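Number of protein chains: 2
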Amino acid sequence: MVSPKRELRKVGLTVTMSRIKVLDVLASAQTESRHLRAEEIYKCLMSTGDSMSVGTIYRVLAQLEMAGLVVRHNFDTGQARYELAGDDRHDHMVCMDSGEIIEFRDQQIIEQQKRIAKEQGYELVDYRLVLFVRKDIRTEKSVGGI
Amino acid sequence: MVSPKRELRKVGLTVTMSRIKVLDVLASAQTESRHLRAEEIYKCLMSTGDSMSVGTIYRVLAQLEMAGLVVRHNFDTGQARYELAGDDRHDHMVCMDSGEIIEFRDQQIIEQQKRIAKEQGYELVDYRLVLFVRKDIRTEKSVGGI
DNA sequence: ATGATTGCAAAACATTTGCATTCTA
DNA sequence: TAGAATGCAAATGTTTTGCAATCAT
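In order, the protein sequences belong to chains L and S. So in my numbering, the last one in the first sequence is 127, and the numbering has no gaps at all. So in my numbering, the last one in the second sequence is 127, and the numbering has no gaps at all.
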């Protein structure tokens, strides 16, 4: 994210402190590959003295998501997690032991999905893919009995 | 599902009216390839005169899920949807126009995922895959700019 | 100035839980 | 009969929203 202000203008949103602050928090979290919940963004802002109401955070996130600047995830059942949308579309794997979230990109899997959709007479518009993984200890295991 | 009672005993759950009724509703919904929300199960039971508290429905669904008799999905952000667990592991695509949910099975995509996990030094334990699709009208479109 | 944005608190919503009652084995 | 399951309602946790005050252009 070059400049929050520029990004906001580019997508037709007015430049406000709230939006800039939320983008800043997400940007700094991104360098650590973190995916934040609204509550975490709120606490993060509070800790730096930037107060903002939770309601506003949700509103800002919704607007940024609609504008395509932010992506919302639902890894687990529970709270949504947010991250900056980059040029690089990627998916996630979640380590079931450590809770660590690993990002990955794989063109092949997207092609497969397009193929599957087409086989049913549909066109792929979007998808959600999350892999639940464990450190590879050379154990032969299958998924869902397959 | 051969017999709800037998299934319940098999997984070590006592046979109660609530559990049987919920399994029945899910079984009849399954023939229409429906994935029900707790609220829908509740209404379905009410409409046939079988009253059951919402709290119980959630408790029963949680138990059935832990026992492996039921699978919980989170297609959209919002309420969870439940379906009977069958022997056949399958994934879903959601039509963005009609809201229709199509089930599909594809071994190739699972192999791809195993490969991706392994490339990162992990072992695939489970995954969530949902394709968002639209009736194929021969429009060339790409996903996420890819 | 004016329309969009925000704070605040209440509302909405799905889901969970405590406790007394009822049911299963 | 004992222990598990249920109804009911209150509690929870996340997210949304109405309205008056404030801000961006």
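Hints in this document: simulated from the structure, not taken from any laboratory. Keep in mind it's a predicted model, so treat the numbers as computed, not measured. Wrong hints could be hidden among the right ones.
Since copy identity is lost for identical chains, a pair holds within one copy or between any two.
Within a straight-line C-alpha distance of at most 27 Å, the following computed DSS-like cross-link-like pairs (lysine-lysine) qualify [as the list claims (entries may be wrong)]:
#1 95 x 24
#2 116 x 95
#3 -9 x 99
#4 116 x -14
#5 -9 x 95
#6 -14 x 24
#7 99 x 24
To see whether the hints hold, each was checked on the structure:
1. 95 x 24: The answer is neither: 40 Å in one copy and 37 Å across copies each exceed 27 Å.
2. 116 x 95: between (29 Å within a copy, 13 Å between copies)
3. -9 x 99: neither (34 Å within a copy, 39 Å between copies)
4. 116 x -14: neither (41 Å within a copy, 38 Å between copies)
5. -9 x 95: neither (30 Å within a copy, 39 Å between copies)
6. -14 x 24: within (23 Å within a copy, 49 Å between copies)
7. 99 x 24: Classified as neither: same-chain Cα gap 44 Å, cross-chain 35 Å, threshold 27 Å.
In summary, the numbered hints that this structure violates are 1, 3, 4, 5, 7.
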